[in-house]
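Input sequences plus hints: build the corresponding full structure.
Below, each chain spelled out in residue letters.
Number of protein chains: 2
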Amino acid sequence: MTITQLQYVLAVAEHKNFTLAAEKCFVTQPTLSMQIQKIEEELNILIFDRSKKPIQLTDIGQKIVNQAKNIVNEADRIKDIVEQQKGFIGGEFRLGIIPTIMPTLLPMFLNNFIKKYPKVKLLIEELNTDEIIVKLKNGHLNAAIAATPLEDEKIKEIVLYFEPFVAYIPEHHSSFQKEEIEVSDLNINEILLLQDGHCFRDGILNLCKNGTDIEQNNFQIQSGSFETLIKLADEGLGTTLLPYLHTMDLKDSDKLKLRNFKEPKPAREVSLIYPKSELKMQIIDALRSTIAGVVKGAIVFQNVQIISPLQKK
Amino acid sequence: MTITQLQYVLAVAEHKNFTLAAEKCFVTQPTLSMQIQKIEEELNILIFDRSKKPIQLTDIGQKIVNQAKNIVNEADRIKDIVEQQKGFIGGEFRLGIIPTIMPTLLPMFLNNFIKKYPKVKLLIEELNTDEIIVKLKNGHLNAAIAATPLEDEKIKEIVLYFEPFVAYIPEHHSSFQKEEIEVSDLNINEILLLQDGHCFRDGILNLCKNGTDIEQNNFQIQSGSFETLIKLADEGLGTTLLPYLHTMDLKDSDKLKLRNFKEPKPAREVSLIYPKSELKMQIIDALRSTIAGVVKGAIVFQNVQIISPLQKK
DNA sequence: ATTTTTGCATCACAAAATACTATCAAAATG
DNA sequence: CATTTTGATAGTATTTTGTGATGCAAAAAT
Numbered sequence: 005m006t007i008t009q010l011q012y013v014l015a016v017a018e019h020k021n022f023t024l025a026a027e028k029c030f031v032t033q034p035t036l037s038m039q040i041q042k043i044e045e046e047l048n049i050l051i052f053d054r055s056k057k058p059i060q061l062t063d064i065g066q067k068i069v070n071q072a073k074n075i076v077n078e079a080d081r082i083k084d085i086v087e088q089q090k091g092f093i094g095g096e097f098r099l100g101i102i103p104t105i106m107p108t109l110l111p112m113f114l115n116n117f118i119k120k121y122p123k124v125k126l127l128i129e130e131l132n133t134d135e136i137i138v139k140l141k142n143g144h145l146n147a148a149i150a151a152t153p154l155e156d157e158k159i160k161e162i163v164l165y166f167e168p169f170v171a172y173i174p175e176h177h178s179s180f181q182k183e184e185i186e187v188s189d190l191n192i193n194e195i196l197l198l199q200d201g202h203c204f205r206d207g208i209l210n211l212c213k214n215g216t217d218i219e220q221n222n223f224q225i226q227s228g229s230f231e232t233l234i235k236l237a238d239e240g241l242g243t244t245l246l247p248y249l250h251t252m253d254l255k256d257s258d259k260l261k262l263r264n265f266k267e268p269k270p271a272r273e274v275s276l277i278y279p280k281s282e283l284k285m286q287i288i289d290a291l292r293s294t295i296a297g298v299v300k301g302a303i304v305f306q307n308v309q310i311i312s313p314l315q316k317k
Numbered sequence: 005m006t007i008t009q010l011q012y013v014l015a016v017a018e019h020k021n022f023t024l025a026a027e028k029c030f031v032t033q034p035t036l037s038m039q040i041q042k043i044e045e046e047l048n049i050l051i052f053d054r055s056k057k058p059i060q061l062t063d064i065g066q067k068i069v070n071q072a073k074n075i076v077n078e079a080d081r082i083k084d085i086v087e088q089q090k091g092f093i094g095g096e097f098r099l100g101i102i103p104t105i106m107p108t109l110l111p112m113f114l115n116n117f118i119k120k121y122p123k124v125k126l127l128i129e130e131l132n133t134d135e136i137i138v139k140l141k142n143g144h145l146n147a148a149i150a151a152t153p154l155e156d157e158k159i160k161e162i163v164l165y166f167e168p169f170v171a172y173i174p175e176h177h178s179s180f181q182k183e184e185i186e187v188s189d190l191n192i193n194e195i196l197l198l199q200d201g202h203c204f205r206d207g208i209l210n211l212c213k214n215g216t217d218i219e220q221n222n223f224q225i226q227s228g229s230f231e232t233l234i235k236l237a238d239e240g241l242g243t244t245l246l247p248y249l250h251t252m253d254l255k256d257s258d259k260l261k262l263r264n265f266k267e268p269k270p271a272r273e274v275s276l277i278y279p280k281s282e283l284k285m286q287i288i289d290a291l292r293s294t295i296a297g298v299v300k301g302a303i304v305f306q307n308v309q310i311i312s313p314l315q316k317k
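Residue numbers (this note's numbering), protein chains in the order written: chain A, 5 to 317; chain H, 5 to 317.
Hints may contain errors.
Repeated chains share a single entry, so a pair holds when one copy, or any two copies, can fit it.
[Stated by the list, open to error] In silico DSS-like cross-links for lysine-lysine, where the CA-CA straight-line distance does not exceed 30 Å:
id	residue 1	residue 2
1	K160	K73
2	K259	K300
3	K57	K90
4	K67	K83
5	K73	K300
6	K125	K42
7	K280	K125
8	K300	K119
9	K139	K67
10	K56	K300
11	K123	K67
12	K83	K158
13	K90	K67
14	K280	K160
15	K73	K120
16	K139	K83
17	K125	K67
18	K235	K182
19	K42	K120
20	K83	K255
21	K42	K90
22	K139	K255
23	K119	K56
Since the hints were made in silico from the structure, they are not lab data.
Structure representation (structure tokens):
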């Protein structure tokens, strides 16, 4: 039994297809077929049920795949340990970022980071929280930036900053006169929300559920970008909530429509998250310190109340 | 990097000698030398400092060895998973037992066990607790039977039974008249103890320290067997304490000198212990159930007070 | 101080394992 | 029914792993 064989098993288990798995492993399909047969023979069991289409894991195969993941992860960490010892910070690093953080945070730290760690090849992907969790677990991402806490056993979190929610109230709205607003001023049914799947949407639903129930009446528009929501609000279609960093690059005329919450301000917790396997910890730590550096200047710590980003059932 | 290479690294790390390590791996020394060189080259580091005699691990080498242990352990478990699935209970199994449990417990369950699981080749070794802990951690033992709790992070314990201490009081002793005795009746300085290194000795010291301090006066004889202690006690040299199972095969004349403690009786906790890696769990569980079966008849559960087997500093 | 022993490295070569190309057979697709 | 997809197999090339013989330096023994 070799580590290579286990990697082949994992590839087939993931793609449910020998040919595709072989490609991903950069070998030909017969090579992979034979190695899979060899390990099955050595263990004297069948890992895959080839009679089903697409290919299925047998019961014992599932157990072996789980264990193989452990082994391959632990083996990968050896190279990690060596690099860490050498103080080498480089190589490919796959980072996921949720859409509501991406446009504001990424420009703030990306330049700093690539200058400081030129040997790291950052591969950044915009994904929503659910997709991120899956990809962290199956190893397609090394780390991600998302709203937390996620309460996921297999994922670790390092809090980067707390980002208050800011209300955007169009001029004609009744709350426009107030200097600061409270959660109770908000009517969930007139808040313009992002599409389903954005955790920022879920966070706001959690925030507002506290007082009133959601009435499924009237209209509800959901958009994928805050810019749309702002324009809709300006058209008199309701109010909206923005994460603090988003408010910084509004036009001055729009900034006048922003209203802070009274303390403790509702806020989201933004964290760097990564799988428990803790691969590439040097780079994760490099990211953390770079982001901490740039965010410290932008976000003044205030008395905040953290809103869960999770969808409550 | 292959699992085989990691095993070679572990063998050299353990024996600090290429030639010996090669033997243990059942390959020639050049094979092992070359594979070690290959993995060092692949990682581009030195794992061993060959200039020192005996060979030393480099700093990074130590870290790699730690990780290699993980990997090899996890890899071993794959075969374990397969056997478990197949319901196969067999193969070599190395069991350590402490000297004060060996002569009484082993005859009680060994016959049952080998009849029930004829494919298991039990390799039993008499070792004291310290030796057992080392050998469990480095993989030279699969499990052991010892007094617990050990409070060791890396070792798991399954309690088998509680074995009360019984006092052996010679006829002319002042406590001989009492039907039941108490801890306060014991004078640590007149109790005959086993040699240093036996945890039964440490347990008794813990028991008696509660009341009085140990005076380092007079005489203290330490023996390696209870039989010696009994004879010395008969000669009027003091009293001694025996574990309950040991009292069962005394001569009737000697049994008259036994005195039980008042409840809660001081007792030792005897457990099946094994490393966290949890290899060969099927056999460990087979042992547990076999021993539980035979002990249930012999030891009536009573109100006991567990004495720690650990040497307090 | 010389010899012997110990212990790892190196060389040349054998055996085994791994991978590739080409091809086949079965199942799924149209 | 022809076509495509997908995994297995055969034969061969390449790479890896292993062996025995030997070298060489340092430590141990005489």
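Here is what the structure says about each hint:
1. K160 with K73: Both: 18 Å inside a chain and 24 Å across chains, each within 30 Å.
2. K259 with K300: within (22 Å within a copy, 78 Å between copies)
3. K57 with K90: between (47 Å within a copy, 26 Å between copies)
4. K67 with K83: both (26 Å within a copy, 11 Å between copies)
5. K73 with K300: neither (38 Å within a copy, 41 Å between copies)
6. K125 with K42: Classified as between: cross-chain Cα gap 28 Å, same-chain 36 Å, threshold 30 Å.
7. K280 with K125: within (22 Å within a copy, 38 Å between copies)
8. K300 with K119: within (19 Å within a copy, 70 Å between copies)
9. K139 with K67: both (20 Å within a copy, 28 Å between copies)
10. K56 with K300: neither (55 Å within a copy, 50 Å between copies)
11. K123 with K67: between (38 Å within a copy, 24 Å between copies)
12. K83 with K158: Both ways: K83 and K158 sit 22 Å apart in one copy and 25 Å across, limit 30 Å.
13. K90 with K67: This pair counts as between: shortest inter-copy Cα distance 13 Å, intra-copy 36 Å.
14. K280 with K160: Classified as both: same-chain Cα gap 6 Å, cross-chain 23 Å, threshold 30 Å.
15. K73 with K120: Neither, since 33 Å and 35 Å both go past 30 Å.
16. K139 with K83: both (21 Å within a copy, 29 Å between copies)
17. K125 with K67: Answer is between: at 26 Å across copies they meet the 30 Å cutoff, but 34 Å inside does not.
18. K235 with K182: Classified as within: same-chain Cα gap 21 Å, cross-chain 95 Å, threshold 30 Å.
19. K42 with K120: Neither: 46 Å inside a copy, 33 Å across copies.
20. K83 with K255: Answer is neither; intra-copy 49 Å and inter-copy 65 Å both fail.
21. K42 with K90: between (37 Å within a copy, 19 Å between copies)
22. K139 with K255: Neither way: K139 and K255 sit 37 Å apart in one copy and 70 Å across, limit 30 Å.
23. K119 with K56: neither (51 Å within a copy, 42 Å between copies)
Hint compliance for this structure: hints 5, 10, 15, 19, 20, 22 and 23 are broken, all remaining hints hold.
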